[in-house]
Amino acid sequence: MTRVLATRIASLVFVLWLVTIIAFVLIRLAPGDPSAVMLGSDAAPAAVAEFRARYGLDRPIVVQYLAWLGHVVRGDLGHSIYLGRPVATAILERLPVSLTLTLSAFVIAIVLGVTLGLMAAYWHDTWIDRSVSAVAALGLSLPSFWLGICLIYLLAVRWPLLPSGGFVEPWRDPLSALRHLLLPAFALGYLQSGLIARMTRASMLDALRGDFVRTARSKGVGELYVVVKHAFRNALIPVLTVSGIALAVLFGGAVVIETVFTLPGVGRLLVNAVVRRDYPVVQGTLLLVAAWYVVVNIAVDVLYTVSDPRVRLRAS
Amino acid sequence: MAVAAGALRWRGLGSAANLALVGIALLIGFIVVGPHVYSPSPTLVSAGARLQPPSWEHPLGTDQLGREVLARVMAGGRQSLRVAGLTMALTVIAGSLLGLLAGAVRPLDNVLMRISDAFLALPAVILAIALMAVREPSEGNVVLALVVVYTPRVARVVRGKALLIREMPYVEAAHALGARLTRVVRRHILPNATPELIVQGTFIFGYAILDEATLSFLGVGPPPPAPSWGNMLAEARYLIRDAFWISFFPGLLIGLAVLGANILGDGIRDRFDPRKGE
Amino acid sequence: MRRVLMATFLLVPMLTSDAFAAGMDKCPAQGGTIRAAMAGSPPTLDFITSFAAQARDMGVYIYEGLVTIDNNYDVAPQLAEKWAASADGKTYTFNLRKGVKFHDGSPVTAADVVASVERFRAQSPRKADLSMVTGARAVDDSTVEITLAQPSAAFIPLLAYPGPAVAIMPKKLIDDVPAGKLPQTSVIGTGPYRLAEWIPDKHVHLQRFADYSPSPAEASGYAGRRLNCIEHIYFVPVPEVSSRVAGVESGDYDYGQNLPAETYKRLSAAKGMKTFILKPYYEIVMHLNTQNGQLKEWKLRRAIQLGLNQEEIMLAAAGDKALYRLDPSLFFKEQFWHSNVGANRYNEKDVAKAKTLIKEGGYDGSPIRIITSSDFQFMNNAALAMESQLRQLGFATKVQAYDYPTMIDIFRKKRAEWDISYNAFSIRTDPGGFTFVLKSDSGYQPYASKEVDALLEKGLLERDRKARARIYEQIQDQLYKDIPMIKHGDLFGFDALRERVDGFAVFYTTPRFWNVSVKDKR
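Protein chains in written order, with my numbering: chain A, 1 to 316; chain B, 1001 to 1278; chain C, 2001 to 2522.
Don't take each hint at face value.
Only some residues are given here: those of chain A computed to face chain B with a beta carbon under 8 Å [as the list claims (entries may be wrong)]: (1) Leu18; (2) Leu29; (3) Pro86; (4) Leu138; (5) Tyr153; (6) Trp171; (7) Pro174; (8) Val289; (9) Tyr293.
Covered stretches of chain B, going by a simulated chain C footprint (3 or more residues, C-beta under 8 Å) [to be verified]: (10) 1041-1050; (11) 1196-1209; (12) 1215-1224; (13) 1245-1258.
Please keep in mind that the hints were generated in silico from the structure rather than gathered at the bench. Note that the Cβ used here is the ideal one computed from N, Cα and C, for glycine as well.
Kindly produce the complete structure, drawing on both the sequences and the hints.
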């Protein structure tokens, strides 16, 4: 199994490398370059030429790429043109925000999603099932920014219970941090919970109908015990897969929430960098976000094999 | 194609999905027929009539430039559904092609899947924004961006099915009897993959409507003055409190359309795979 | 012998009273924090290299110049306590105030002033405004001499113009620093607040500069006695409009910049808040492409000028009747330079005549391409309202909205791609400020007119104020005849402030948090 895992990791590193190429090329395809953003359109051609030379933008793209890659392997993600600080610093400044948001949203998504899914499965084909499924489906149908703005209006303006945005570090003021996090994490998490609820319901239904559950029931074992011990554990695997996808993808989905709630996170860093053609930031951040995605996928794969030894990890 | 045809035989998809199908049909009807019945222009600016709440004269009110919301909702529906429909169709085609290639032709599998993984690792929103930066914002380019984002996902699913079918004994037998690859694909893989493709297609239809709204929010959606549900929602988002009707109705329709697509997708999936496996 | 030409500007009485505690000698209360929700962030810390309003609005706290503007947009002293021109008008001598320190404690000397002026002339995009300057030198530690190629009445006002200001910085920190390469630690000025921290897209944190030496005169505009009573100021960029409004309403921020017109009535009536109208703010204009495309044909431009209903457009752009006014002039009503010459061609609303002219002009039916910016809601709305009217007149149209830098890029460099381009002019405190926009050799817009060029040059040299005004009237008239631009009207902005802040008044586009205090100790 370890050999199979190693192959998987190797192929994922290859994927990461492909990501760097895509990121590098894509951002350079967009018209305009950082000189237009930094110096404005009134800049003298001499100033523009000097600027481009300074940042190596006048060299052939392959050379630029190899130079950048060389730095990356040595741990240097480069220097942001717009922000005037190392890319790594810019990301680190924003990482606490993104991580806190992503993880809290993920927790909400799991809690909400699994609860709804279990309820729907246990009381399947009743009104509970239908209404719970509707709530979950609604989460998948609403634009995230829409949900965010409505929440802000209802809970921060109409009834000023919570702050309208901004971020407070959890270690500085835990209570205030929690209050600031509640709305954005919920908006982000609710949307993901729909998918998790659907998966949970499906696999729970499968498990509940399975042979060993019937056997347990016929042995006279308590209902709750049956549900929790047997069904749930079997339902875990597909739920884990979907959760893994949700977690891996949350960084990107956070962009919109970060904008609506004015959270200075990695998502906004990335979007602003694309608009400003801040090449080093786009390349470095995309690399990191893709790496996160890859790591989460590997973790899910490992958990997958650990939790169900019957499953063989296929190198595909 | 026998399996697909059998599905369409009207055994019904379950009450919820049936309802969703009817709902979507009604929506499309409303959008296509509506403008012929209701004539005000969706883009005529009339500053004097701005921000009117729904009334007899303006059933859904007017927006911040005095434009008729009902007219815009109908015109916007056209654009949003067009974007979603095109995205769905193109993604299904491209995804199937890639997936079949990967599943049926072994040496291509690794390369294609690695590339598609690379695209999957990039956050969808960022990829879409970067693509829109490369080309100017327009309806066609939004479709292009969404197709690039979703094709890897569909390709993955189709490839999975293709691999599965390829291992089946009767296919191997057919192969041993000298059947050409294309025949195997046509007679065995494609029919088996089709139901899942339809399901994915409906989900993508729903996601595309949402994504168009998100791209409009971020400023890179289809440009004004032509309305789409997404850009109506995005333009009036700061008016939720003062003029809720401008964003409420497009938002409602987005929610209904996507909800309908999701329920429909679920229904179709239930129909073909009662065990509801992934 | 030098005849002292004292700036008569100093003696002009203040026409509007500053609601500020203009006579404030000391702060009623010290300390406190203000959090301001701004529409955007400054694009760079090297403020002299940016035209952006955010750079100006924050730069004014950190930096000061030799001269600046007062409540009437006229020149007022700042770091220079007096100045005089030589008899031939080609040499200006500035005497610096004594005892002024930089944020790092070093004293301000003439050498610093010279280095700052030279850097501005080399690196700033506004350097064309100082094109008449031939050199600057330090006569002694507190006297600076600036020489001009020819006498110019526009020199001092353009020196005082704050966008971007000719900021005085320490020589040792700016020598040989190219544009865009100024590190955060070098952002050192003489202003009442120093830069404590800048985290891009998160906040700009300013802290009170304890050793600040305020000007002796009464506070007015950006000038005079600016007391730094507040200890910490946070400028937080909240580009999402709905969040900005929500933030001020809920009290998360004390100040909300540039709020949407639709919220004006509600916020003005809300408890705990005050709203301020920023007047003047922008004039909304559209450039017509006189060199490429269909609008080369004067008759078509005249048809557009004839047919537009500016009232409709301004209402759509401004969003509330209280937030705009119709006005034909290049200059704002509040300015000495305002004039109604040419106004007979403003807002004529003659649709029938316009339609006839369109036929005569040989319009071929292909779409008129309009570019505007989605970054500014008013610009976007004006474009859409105007475009709707063009279609009523019988034109086919195509509107494209871009982010502002891209739009400017297309406007300046891709002349074949647009017919109408939107723009907004903020106040030019001196009419010379329009030289860059209108002169053919600047290449700013496609329009080129020998008559206007000649008038612009005369305007920079003429020293009599009334004569200058007449020159700019002629320019305005010519613009109404040639129609390279059409003005829609004057737009006002509005900001909201929470009541915990005392003594506040708006000026220009900048929230002034000097000479204010907060009621609680947050």
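*Hint check, failures only*: The structure breaks hints 3, 6, 7, 11 and 13; every other hint is satisfied.
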